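Q: Sequence:
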Amino acid sequence: MHTPVSKYLNGYPAELVERAEQWLTSGKLGDWLADKYPRTHHVQTDKALYHYVTDLKSQYLRQSAPLSKIVYDDKLDIVHQALGLHSVVARVQGGKLKAKTEIRIGAVFKTAPAAFLRAIVVHELAHLREKDHNKAFYQLCRHMEPDYHQLEFDLRLYLAFQESRRGH
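Mapping to UniProt numbering: the sequence shown position 21 is 21, numbers consecutive.
Mixed in with the good hints there might be a few duds.
Derived CB-CB ranges, DEER-like [what the hints assert, rightly or not]:
#1 Ser-64 x Ser-26: 41 to 47 angstroms
#2 Lys-135 x Glu-102: 53 to 59 angstroms
#3 Gly-95 x Asn-10: 31 to 37 angstroms
#4 Gly-11 x Gly-94: 42 to 48 angstroms
#5 Lys-96 x Arg-165: 46 to 52 angstroms
#6 Gln-44 x Asn-10: 17 to 23 angstroms
#7 Arg-129 x Ser-26: 38 to 44 angstroms
Subject to a maximum C-alpha distance of 27 angstroms in a straight line, what follows is the list of computed BS3-like cross-link-like pairs (lysine-lysine) [said to hold, decoys possible]:
#8 Lys-131 x Lys-7
#9 Lys-100 x Lys-75
#10 Lys-69 x Lys-47
#11 Lys-96 x Lys-131
#12 Lys-131 x Lys-110
#13 Lys-7 x Lys-110
#14 Lys-28 x Lys-7
#15 Lys-47 x Lys-131
#16 Lys-100 x Lys-110
#17 Lys-100 x Lys-131
#18 Lys-131 x Lys-69
#19 Lys-110 x Lys-28
#20 Lys-69 x Lys-96
#21 Lys-75 x Lys-110
#22 Lys-36 x Lys-7
#23 Lys-69 x Lys-110
#24 Lys-135 x Lys-7
#25 Lys-75 x Lys-7
#26 Lys-131 x Lys-75
#27 Lys-47 x Lys-100
#28 Lys-75 x Lys-47
#29 Lys-69 x Lys-100
#30 Lys-110 x Lys-36
#31 Lys-47 x Lys-110
It should be emphasised that the hints constitute simulated quantities derived from the structure, not laboratory data. Here the structure is a predicted model, which is why all the values come from computation and not from measurement. Virtual Cβ for every residue (Gly too), placed ideally from N, Cα, C.
Assemble the whole structure, with the sequences as input and the hints as a guide.
A: This is how it looks when you write it as structure tokens:
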């Protein structure tokens, strides 16, 4: 049986998954997450998200392709089984091929702790330079967010906790 924890921590050591499962069933996980990540963010609109992402991009990835669209997407986690999506949309305009780069962030992150929104944005921005989840990709993530690996793990715990509250 797949529990929310095993679903989100797939690939992690079994003892870590078991401990997280125990925290979830005992009710400790939610309190721990709330204590560790008490600060939410105020990035609630697509316009605010656009500014948030472009500010990070200009700080770390000035030379990367410009972003034409940055939005929250309420269908993203259902359709793509993803938290964020980086895509390049190619269109023919006047006989020329124009590529537009888009970032879509799962709408679930409108109410997530600020650190988790940052982790997702950093992840999607890293895809501007590195398409695959390879060593260079994770080095870039850590360059933009030194605590990236811990945030990614805690984010998975947060998602498991949220799913358990919804009763799925």
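Q: Are any of the numbered hints broken by this structure? If so, which, sorted upward?
A: Numbers 2, 3, 6 - these are the hints that the structure violates, sorted from lowest upward.
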